[in-house]
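A.B. asks: Heads up, the sequence shown stops at 167 in my numbering, and the numbers go up one at a time, no gaps.
By construction, these hints were calculated from the structure, which means they are not laboratory data.
Every residue, glycine too, gets a C-beta built ideally from N, C-alpha and C.
Please note: incorrect hints may appear among the correct ones.
Label-pair distances were calculated between CB atoms; the ranges are [as the list claims (entries may be wrong)]:
id: 1; residue 1: Asp75; residue 2: Ile126; range: 14 to 22 Å
id: 2; residue 1: Cys163; residue 2: Gly112; range: 28 to 36 Å
id: 3; residue 1: Tyr108; residue 2: Thr70; range: 30 to 38 Å
id: 4; residue 1: Asp165; residue 2: Gln48; range: 24 to 32 Å
id: 5; residue 1: Gly137; residue 2: Gln87; range: 32 to 40 Å
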Amino acid sequence: MDEILNKVGTYWIGRRANKELDSVGDDINSLSSSIGDGTKWLVSKIKGKMQKPLPELLKDHDIAIGIFPRDATHYEFDEQTRKLIVYVPQICEVGYRDSSVLRFATTVTGYLVKGKLADIEGIKTKVVIWVKVTAISTEGSKLYVTAGMKKTRSREAYEVLRGGVCVDKF
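When you get a sec, could you build the whole thing from the sequences and use the hints?
C.D. replies: Below, the structure written as C-alpha cells:
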C-alpha cells in the first residue's frame, strides 16, 4: 500500500511542479511581450538567449568589424525589424588607416541587412565639414560610406577595432 501511495504522490507532485514551471515560463514570455524595447535584452538573458559580441554580429552581416569604436560593446538588435541600436559610452572620433575619421554620438541607430547598415543616425564623417553618414555598405574589398554622396574606401582600413578619442559635442 505504501508503494502505491508513494508512486501516486510522486506522480501528483511531478505534475504539479511541471504545471508551475510552465506557468513561470508563460509569465516570463508575457513579461517579455509587455515591456519596452529597452529591457527586452534583460528578459532574453533570463531566458538564456546570449547576445553575440558586436564585431561578430557585424561580421555575420558582412560589415567591417572595425566600423564602431572598440568600447561600443552594448547593442540591441531586433531580428524581425533588422533595427540595430549601438551604445557608445561617450561622443568620440575614430581615425582609420586610410586617414578617414568618423564621429559617433552616444547612440547610433540603423537597419542592418547583409552587407549594409542603412538609415543611420548618430555617425558623421569629415569631408570639409562634418556631414551626417546615412549608410555604410560593403562589396568585396570596398567599403562605401554615404554622406550626401557615396565615397568608396578600402574595407581593409575598417577591419581592425580602434579606440575613440573623446570630443565635446557631436
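A.B. asks: With reference to the structure, classify each hint as holding or not holding.
C.D. replies: Cross-check of the supplied hints:
The hinted range of 14 to 22 Å is not satisfied by aspartate 75 and isoleucine 126, whose Cβ atoms lie roughly 33 Å apart. Distance hint for cysteine 163 and glycine 112: a CB-CB separation of about 31 Å, consistent with the stated range 28 to 36 Å. Between tyrosine 108 and threonine 70 the CB atoms are about 20 Å apart, so this pair departs from the stated range of 30 to 38 Å. In this structure the supplied range 24 to 32 Å holds for aspartate 165 paired with glutamine 48, their Cβ-Cβ distance being about 31 Å.
Separated by about 34 Å at the C-beta atoms, glycine 137 and glutamine 87 satisfy the suggested range of 32 to 40 Å.
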